[in-house]
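Engineer: So the chains spell out like this:
There are 2 protein chains.
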Amino acid sequence: MRLIVPLQGVVQGRGGLFVGSLIPCCLFYFLQLYLKRRRSPPPPDPDSSTELPRTSSRSSRIGRVRVSSRAVPLAKPPDSPYYIGLERVKTDPYDPLTNRDGIIQLGLAESTLCFDLLQRWMSENLMDSLMLQSDGFDISSIAMYQPFEGLLELRVAFADFMSRIMGGNVSFDPSNMVITAGGTPAVEVLAFCLADHGNAFLIPSPYYPGFDRDIKFRTGVELIPVHCRSSDNFTLTVSALEQALNQARKRGSKVSGILFSNPSNPVGNILSRETLHAILSFAQEKNIHVISDEIFAGSVYGDKEFVSMAEVAAASGDFDKSRVHIIYGLSKDLSLPGFRAGVIYSFHEDVINAAKKLMRFSSMPVPVQRILISLLSDTRFIEEYMAAHRQRIRDKHFLFVEGLKQIGIPCAESGGGLYCWVDMSSLLTSYSEKGELDLFEKLLSVAKINATPGTACYCIEPGWFRCCFTALADEDISVLMERIKLLC
Amino acid sequence: MRLIVPLQGVVQGRGGLFVGSLIPCCLFYFLQLYLKRRRSPPPPDPDSSTELPRTSSRSSRIGRVRVSSRAVPLAKPPDSPYYIGLERVKTDPYDPLTNRDGIIQLGLAESTLCFDLLQRWMSENLMDSLMLQSDGFDISSIAMYQPFEGLLELRVAFADFMSRIMGGNVSFDPSNMVITAGGTPAVEVLAFCLADHGNAFLIPSPYYPGFDRDIKFRTGVELIPVHCRSSDNFTLTVSALEQALNQARKRGSKVSGILFSNPSNPVGNILSRETLHAILSFAQEKNIHVISDEIFAGSVYGDKEFVSMAEVAAASGDFDKSRVHIIYGLSKDLSLPGFRAGVIYSFHEDVINAAKKLMRFSSMPVPVQRILISLLSDTRFIEEYMAAHRQRIRDKHFLFVEGLKQIGIPCAESGGGLYCWVDMSSLLTSYSEKGELDLFEKLLSVAKINATPGTACYCIEPGWFRCCFTALADEDISVLMERIKLLC
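Sequences listed follow chains F and L, in order.
First residue of the first sequence: 1248, per our numbering; consecutive thereafter.
First residue of the second sequence: 1248, per our numbering; consecutive thereafter.
Quick caveat, the hints were computed from the structure, so don't treat them as lab data.
Misleading hints may appear alongside valid ones.
Heads up, the list lumps identical chains together, so a pair's fine if it works in one copy or across two of them.
Distance condition first, Cα-Cα at most 25 Å in a straight line; then the derived PhoX-like pairs of lysine-lysine [as the list claims (entries may be wrong)]: (1) K1689 / K1463; (2) K1337 / K1323; (3) K1463 / K1695; (4) K1551 / K1689; (5) K1603 / K1323; (6) K1689 / K1497; (7) K1652 / K1732; (8) K1463 / K1603.
Isolated chain F, as found in the complex (with noise of 0.2 Å):
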């Protein structure tokens, strides 16, 4: 259109045909001299190339073989903060008995509080779960080809269990259900099913890392951060949101949902049954979907309820329940990421379909399925490892927070996760992304900690870092006070 616009004088009757020449002409004309100057010898047929002799010569002229475009930039190192910790970490861990100078890690959301339960069930029942303790054993049980969304058993489990950790008053139906190798493939798999490359996700920030590649990699989906504020902690707003569709709307972006966590992930918040309802109110309006990362669920240790989307979503007539779909998971609440255990839970026929056939390649194994159906069937155990699970957070959280308190470091307030957002704007030596990072530089090499600053999250105000506090002991936490106090 931009091209036609300089006529629209003449079309419009404001000009004559010799205007409506000359200008065109003009244009042409030159545009002609121009192209035959550059105009440069036709390239070489490629299939040309096959008349060549097969000679060593021309092997080694040839090079190297590429990879795909899309393989080069995950060939390179990590460029995010939150990786680069995570690696530094690697070449020289923290152990209070071995290496106590080692980097203490914070920058990892898993959780050893209750391993000792974990160790005792599996000690007790894990062959049982495999039926190797009884003459029935059968190894076309665990060896043989299954449905790769998962045997039914175990989503019966899955369901109960998610029910059961999400305060009851929400059922999920095992076949709106797929089980995932993991909550990151859950999360991939719906970002392919929801939006096509180069359509976005609308996501608060600050946001899990991890979202980037998880995203990003392979599907080809932007995310569009809705920036949060510690003014009123980070809380997500539906007025945000509508900004930040205009917003994204208006530079040509399709927006196809709002992905975010619940409890939020890095700041640990849980958003109302009220917040949720505008969410999918507000979703329902654009006709977009919601994801809602739900991989925290049962990691809730304040006062405030957790609700899940699901519930939201079956509660209200209004809605069309079909835009909603739920991510989860074993690694955090269940502290088992070493068994990749992941859910996708959709109220949409279609993504379910098309997720099913989609975990050909991203399927949980049948043993650890096996051991996972008597596992989360066990209730009895449930019971007892979640009430712990929540009180060890609520304790670690406390000393975690507590510590910092008394060195003039505070944190956003916070009621589920295995994490804190520590507001360490007060350490910055400028107010600023730099100043972040050079302080997460100075906590790696000095302090010797890998916490994740918020610009990898996508935080907007300087000097916020995510502390993982559930794989450190009581005297690990000590240690990390005293080594924060050398950059106070």
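Since the structure of chain F is already known, use the hints to place chain L on it.
Structural biologist: What follows is chain L alone, placed relative to chain F:
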């Protein structure tokens, strides 16, 4: 360029300013008039919808939210006879004791021939492999995050195992290896890393019908069949590759590599060292990749020696090894598809680095890694198992092929794999794809046999069927032959 072609005469001096003015002037003038007439009132601003009242009537006007365009085909039922057959078996599976009239499964390449050995090993060693029988069991050894590409001990064990089953003449470097959740993601991740969306691989046909899903579903890489013929037992030749490559390039396809199975699937023939050398030489000359799927390498039962492409690449200093990539897994040779154990082996550093990162979507759970470390390291068991596995496939193959021969149905010559490539052209009512699909349907509905028709494998000669025989008991083969006789 097309638009300015009419003005070339002007530029080349065979016209003048007048002609050069008049033509573009007229074109622009009429274009403006045309556009003005077509101009419609401005479309409603999508963002203005935010001002509409949020009523349920508006919601109901929006309708159901849509999935991505790439998920739409995945959400539909399968259209390949390969998957149709597999689905049909699920509804009515043959069982010699409980469902003698059910459909006999010849469509799935899985083996139960050595389940007695596996059952014994698992009963005796599974607890040890998870360290559950010793006092030193530590839940953190299976529960925590581990490198997505697989534990080093597992990669070492895999390297040794692969070398062993491939005749001991080739060694594998664990640092060139990535463990995947089955052979399927191994294929996909390689396709992603070696070719961009819209690029293509040459693939000798008939080929394994699952490749269509494994490769096309998500990576957008095309497969160009290189048709092989019964006259030379469907063996791949370099001249056929050359011809296919030239044709593809003429059509504008960018060919990034050659993908093939060795032993071939569905035919079961084994590529000679000379053919492998010629393929690699061809790939070197064209500067494309070579992907050798060797997932049946240990399921060789004939007299012909199996040679890995890794051996050929390593043996010759003339080649740029970095173009060679191997797919392996335990679903076939160790009869453990339920374990979802695959391997990418690549000489290209960038491919390994990129694949490691992509393993966040397809990593193997740690408990399964622990079991496999023990299993693959138990060399005495592995030797016993592999000898039995080969001998029992050979015996079953003989029984199956002889049975067919007696009712006048020949098979292609084969030396590996869990299947035969059966020439049922004598049973066709018409020598065409339609005739073949009619026979497929008749086999399913009348004889109650699910065999994969050649058309699903892109075979250009009608009447060939892939029949997997390694999950059949000897008695089942008799039942099968009686049923096929009905159609003769």
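Engineer: Which hints, by number, does the structure contradict?
Structural biologist: As far as the earlier hints go, 1, 3, 4, 6 are violated by this structure, in ascending order.
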